[in-house]
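Protein sequences, first through last, are from chains A and B.
All letters in the first sequence, in the order written, are residues 1 to 116 by my numbering.
All letters in the second sequence, in the order written, are residues 1 to 113 by my numbering.
In short, the hints are calculated from the structure, not lab data.
BS3-like, lysine-lysine: derived pairs with alpha carbons at most 30 angstroms apart:
no.: 1; chain 1: B; residue 1: Lys3; chain 2: B; residue 2: Lys68
no.: 2; chain 1: A; residue 1: Lys14; chain 2: A; residue 2: Lys83
no.: 3; chain 1: B; residue 1: Lys41; chain 2: A; residue 2: Lys9
no.: 4; chain 1: B; residue 1: Lys41; chain 2: A; residue 2: Lys71
no.: 5; chain 1: A; residue 1: Lys57; chain 2: B; residue 2: Lys3
no.: 6; chain 1: A; residue 1: Lys57; chain 2: B; residue 2: Lys41
no.: 7; chain 1: B; residue 1: Lys41; chain 2: A; residue 2: Lys14
no.: 8; chain 1: A; residue 1: Lys57; chain 2: A; residue 2: Lys70
no.: 9; chain 1: A; residue 1: Lys57; chain 2: A; residue 2: Lys83
no.: 10; chain 1: A; residue 1: Lys14; chain 2: A; residue 2: Lys57
no.: 11; chain 1: A; residue 1: Lys83; chain 2: B; residue 2: Lys3
no.: 12; chain 1: B; residue 1: Lys56; chain 2: B; residue 2: Lys68
no.: 13; chain 1: B; residue 1: Lys17; chain 2: B; residue 2: Lys41
no.: 14; chain 1: A; residue 1: Lys9; chain 2: A; residue 2: Lys57
no.: 15; chain 1: A; residue 1: Lys57; chain 2: A; residue 2: Lys71
no.: 16; chain 1: B; residue 1: Lys56; chain 2: B; residue 2: Lys41
no.: 17; chain 1: B; residue 1: Lys3; chain 2: B; residue 2: Lys56
no.: 18; chain 1: A; residue 1: Lys83; chain 2: B; residue 2: Lys41
no.: 19; chain 1: B; residue 1: Lys3; chain 2: B; residue 2: Lys41
no.: 20; chain 1: A; residue 1: Lys9; chain 2: A; residue 2: Lys83
no.: 21; chain 1: B; residue 1: Lys17; chain 2: B; residue 2: Lys56
no.: 22; chain 1: B; residue 1: Lys41; chain 2: A; residue 2: Lys70
no.: 23; chain 1: A; residue 1: Lys71; chain 2: A; residue 2: Lys9
no.: 24; chain 1: A; residue 1: Lys9; chain 2: A; residue 2: Lys70
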Amino acid sequence: DGGITQSPKYLFRKEGQNVTLSCEQNLNHDAMYWYRQDPGQGLRLIYYSQIVNDFQKGDIAEGYSVSREKKESFPLTVTSAQKNPTAFYLCASRPTAGGLSGNTIYFGEGSWLTVV
Amino acid sequence: ELKVEQNPLFLSMQEGKNYTIYCNYSTTSDRLYWYRQDPGKSLESLFVLLSNGAVKQEGRLMASLDTKARLSTLHITAAVHDLSATYFCAVGLVTGTASKLTFGTGTRLQVTL
Numbered sequence: 001d002g003g004i005t006q007s008p009k010y011l012f013r014k015e016g017q018n019v020t021l022s023c024e025q026n027l028n029h030d031a032m033y034w035y036r037q038d039p040g041q042g043l044r045l046i047y048y049s050q051i052v053n054d055f056q057k058g059d060i061a062e063g064y065s066v067s068r069e070k071k072e073s074f075p076l077t078v079t080s081a082q083k084n085p086t087a088f089y090l091c092a093s094r095p096t097a098g099g100l101s102g103n104t105i106y107f108g109e110g111s112w113l114t115v116v
Numbered sequence: 001e002l003k004v005e006q007n008p009l010f011l012s013m014q015e016g017k018n019y020t021i022y023c024n025y026s027t028t029s030d031r032l033y034w035y036r037q038d039p040g041k042s043l044e045s046l047f048v049l050l051s052n053g054a055v056k057q058e059g060r061l062m063a064s065l066d067t068k069a070r071l072s073t074l075h076i077t078a079a080v081h082d083l084s085a086t087y088f089c090a091v092g093l094v095t096g097t098a099s100k101l102t103f104g105t106g107t108r109l110q111v112t113l
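Next comes chain A alone, as it looks inside the complex:
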């Protein structure tokens, strides 16, 4: 089945540790995105990538890093520099990178990160 797979679903991190959230899609989508959602809040864009080997900062990129070495993969690393990382993280993808297409953006099931 085609879709977006995020792992792990639940993750606990000790303060000072880096953790990496995985996002894999087999939809052959060009663009991929990472969003953060805090309880009762909307989604905020962390990073996005339009094509392989290229990515841009979103609105809240500080304390996060990404890579896009393969079209199907867009992992997010939450570094120790992120002071308040406890949140729900959502990965998304879109068929075309830009232009005037109105393609729907599809979301993965999300990853819950808790700092202990």
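We have chain A; now place chain B onto it with these hints.
Showing chain B alone in chain A's frame:
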């Protein structure tokens, strides 16, 4: 900076009633998305609106877009309990080759018997 505002933030309505959720945005855009989120779950795409005057309907939900007023509405007709969820609008912006979504704060809908 693009700002997207939804209202109301919380809506409690009885089954069978009608109501409208509003989504205002601050920058010109011709693409507007509506999503549904159940508690603890991911986002489910409801509608993609691509042009001024666009109207789409699915079951008891109808979405419309007025790009001149920078306003989209999500109208709920004869609400049922299964519609209880949080609804988000999102505005798409294309700058060069980059395309990204900015989300509203969400409207939490509770449909009561």
